[in-house]
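Visitor: Whole structure, please, built from the sequences with the hints as guidance.
So the sequence lines, in the order shown, correspond to chains A and B.
Just so you know, we're using full-length UniProt numbering here: the first sequence kicks off at 1 and counts up by one.
Just so you know, we're using full-length UniProt numbering here: the second sequence kicks off at 1 and counts up by one.
You may find that some hints are simply not true.
Pairs involving identical chains hold if they fit within one copy or between any two copies, as the list cannot separate such chains.
Unchecked claim - With a straight-line cut-off of 27 Å between C-alpha atoms, the simulated BS3-like cross-links for lysine-lysine are:
#1 Lys278 to Lys362
#2 Lys352 to Lys366
#3 Lys57 to Lys373
#4 Lys375 to Lys57
#5 Lys375 to Lys335
Note that these hints are calculated values from the structure, not bench results.
2 protein chains.
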Amino acid sequence: MNADSTNRIWIYDTTLRDGSQREGMSLSIEDKLRIAHRLDRLGVPFIEGGWPGANPKDVQFFWRLQEEPLQNAEAVAFCSTRRPGKTAAEDPMLQPILSAGTRWVTIFGKSWDLHVIEGLNTTLEENLEMIRDTIEFLRSQGRQVIYDAEHWFDGYKHNPTYALKTLETAIAAGAEWIVFCDTNGGTLPHEISQITRTVIQTLRQNTDIPINFGIHTHNDAETAVANALTAVLEGVRMVQGTINGYGERCGNANLCSLIPNLQLKLGYDCIDPSHLVKLTETSRYISEVANLAPDDHAAFVGLSAFAHKGGIHVSAVQRNPLTYEHLQPELIGNKRRIVVSDQAGMSNILAKAATFGIDLNKQDPKCRQILEKLKELENQGYQFEAAEASFELLMHEAVGDRQTFFEIKGFHVHCEQLEGMTNVLATVKVGVNGKNILEAAEGNGPVSALDAALRKALVNFYPALADFQLTDYKVRILDGGAGTSAKTRVLVESSNGHQRWTTVGVSTNIIEASYQAVVEGLEYGLILQTQGKEVVALS
Amino acid sequence: MNADSTNRIWIYDTTLRDGSQREGMSLSIEDKLRIAHRLDRLGVPFIEGGWPGANPKDVQFFWRLQEEPLQNAEAVAFCSTRRPGKTAAEDPMLQPILSAGTRWVTIFGKSWDLHVIEGLNTTLEENLEMIRDTIEFLRSQGRQVIYDAEHWFDGYKHNPTYALKTLETAIAAGAEWIVFCDTNGGTLPHEISQITRTVIQTLRQNTDIPINFGIHTHNDAETAVANALTAVLEGVRMVQGTINGYGERCGNANLCSLIPNLQLKLGYDCIDPSHLVKLTETSRYISEVANLAPDDHAAFVGLSAFAHKGGIHVSAVQRNPLTYEHLQPELIGNKRRIVVSDQAGMSNILAKAATFGIDLNKQDPKCRQILEKLKELENQGYQFEAAEASFELLMHEAVGDRQTFFEIKGFHVHCEQLEGMTNVLATVKVGVNGKNILEAAEGNGPVSALDAALRKALVNFYPALADFQLTDYKVRILDGGAGTSAKTRVLVESSNGHQRWTTVGVSTNIIEASYQAVVEGLEYGLILQTQGKEVVALS
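Guide: This is the structure:
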């Protein structure tokens, strides 16, 4: 394959590896699996999952991925070149890479002589040998290799001859892609442009092997996106980055900006055009899973990216969006927001109703009622993007067909710590079939005690509850600046063993917010149960 | 003056005008004055203060500025060209501009035929007349004029001949600077480069008047900084932007990135080199005044911009910062941070001890004990990256000099919801000076009730507590897959009015985790109080 004869750009996502180096970001294996499958559905062709062996989590992630494989994307395992002084076949570091069971492996190696000598404490010659041996070994094991040239631009500036030798070695050893990495993130676009142009020309002159090039940039000079675009204009065909630009220090190149820039502005093919509309929801879903507040001012996918304030702007943009918008927000699944009187959303409500199997049309006054209710709740801090089950309940409420399984009468939580011992006891009162049921349970925290008491109270009436589980629980403090008086938003994911759904609760009292979400989770599960309905799984 | 024969770049700050268009940003007159004087001290030569006449606040701001004038910077009033159909002298809109009393005025006019016809509802010829008349009138009143060519790049792409005519008109009328504005923010660097080059050449060929050019970009394609740099490389000598990239939609070009890129990487003169070290504190001060959370991952000035995690990274960067840093953080008043995490090695611990003023050396067995303790706690779910106060307490504990202010004996929380009414009551028992104190308080959630009870119990012994506040509260569910039995990590930020510090608590019981963090927050505040110690402010 000679990638640069095509108009295609291979997007390579490293949210799960380089992205998760972001300070304060910590993903569980379940989180990683959810993100990987979401990226797969977006249509990203390469998904770097981690460095198996560097930590137990990444080993297990790749095993789990073998059980729940990606549909279209290639999962990629990441590793360094072998250590100095032993062969790749002998180096135990490379075994977990093979066990990861991916067709593709990314190997990073040193381009910068300073790092070879000061970082690896080895010779320049041995570094070349490490690159060659590692790639050849992986090729002999049937793997396809992407070679990440770490510190490429800094290395090339300091010692171009040696830096070029590392790439020639990787190419001769059988790497299919050579990726120029701006590891320290400080290179500016005009330097990226000059170096990329010269290097591609030189390498093409020196070898007959068809080579494909990639770019991996960081945002330390706030030019990561421009740096990647510049490299593409010089002939690079793989772009590495992360969703929302997550990554250590100032982050990696942001795929949420790169994909629309490349595809909608520069005319390259990155992902299936019909998937482009999923970009905004993918960005928000991943920030939710990572439990990081989304950046409202993010380009393309941010809540404010197409927000217009009152006056001339608004009427101009309504007559002709071109006047104040660089792009149609709908193309990437975002929407124009008129900050004064928001007319948008109606079509969203209708689309959602259709997904939920609720019969609703634009003329129906209920449609506007739902929109009003939605705005009121969002204003209070609710958010339904990741809590569709709660949104569906809200819609059923509005159209008047919400089923009632039980009535919440009240709860009581007692939580005590004395001399290092903690006791938590919850009592709930629920009404079922006209009867009031009181039940109590202990727990290792107030929410698990409440959840246990509630199930005890209801399981005799609804035996299906015995199979329900809480599979995820997330808490976000809204307006954290208000300290412990701030509002809390809780997301609870429930499962009945084969379906999963998420509900939301909001309150200044974290126990109350959790209880709301737990209660709606049970209610929604019972709807699924009685209707035999196929829920759209969250991931 | 012919600006482009020099190496100087004129920085033009528009935080107070375009920046404050950011959704959710609202500055009082006092805020605006504080920011203006701070920018003046940083050494920014032009400070755009607002559009006097568009709102009363901006009129008053310029009057106040006449009483408290800037030391070095030029304050600039902003306004559009006069309205169609009357002369500039007759247009009441221009009177407040003159009353603002600035030497410099920025006038924006239409470059794009579409906007002239659809937006202004006038003729292309009248638009030229509006540009000419407005600039000539202001010149006749002794003002120096900067001409902002609104929608320059889009206008030029649609109708280059007309767009050029607008600039030729502005130049002939006496504008000293012509500023290319990418108003919709969607132009990419290679287009900025081509258009800027062609236009500057054409205008220089067509006139003998020396002209100076500027650039004004927005971040809708996430390339605002690169776009401005590109224009500079094509000969532009004024760069307009905002501190922290504030601005409507996705923001304006970020001066906190542009200034170090231009001055430290490209060798231009922007501000006095001795002032460059004020950049980080200026960024954080302005986010404080604007009451917006600082972006920890911002390039150059972010808290994480020079943060290092891994052990190998840390020892390499300590030997030679060049290995993993694109720039010396001290140059812009930021600093390297060694992030404490279980990837940390001994070198991280020693580096941290030194920052805390704790005497520790590598041979000391306590050093290994701290590392072991750290790993054990991180394994339990603690995380000290963002909770340095808790880590400092842990270190004092290990070296045996942790002060005791009070002893936690126990607490009790009662939380009840009945018929929609919620009651929360907390009781605490603490030991101070050999006495047991019992206190109770209500709250709108369990944590605020506990916090209130604890302060009540302690404030008689430690009156300083009365000034402490909880300023931020964050909750993260670890291993959310365990549902409501999952562990909870709580981060609490406390303040005494002039310093801020963060503490951490972990438990399966969210109330217990919060209580731990609140208790350590009070303890650390008391240490600061008694030692008169200067804490490293978090932001």
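Visitor: So which of the earlier hints does this model not fit?
Guide: none
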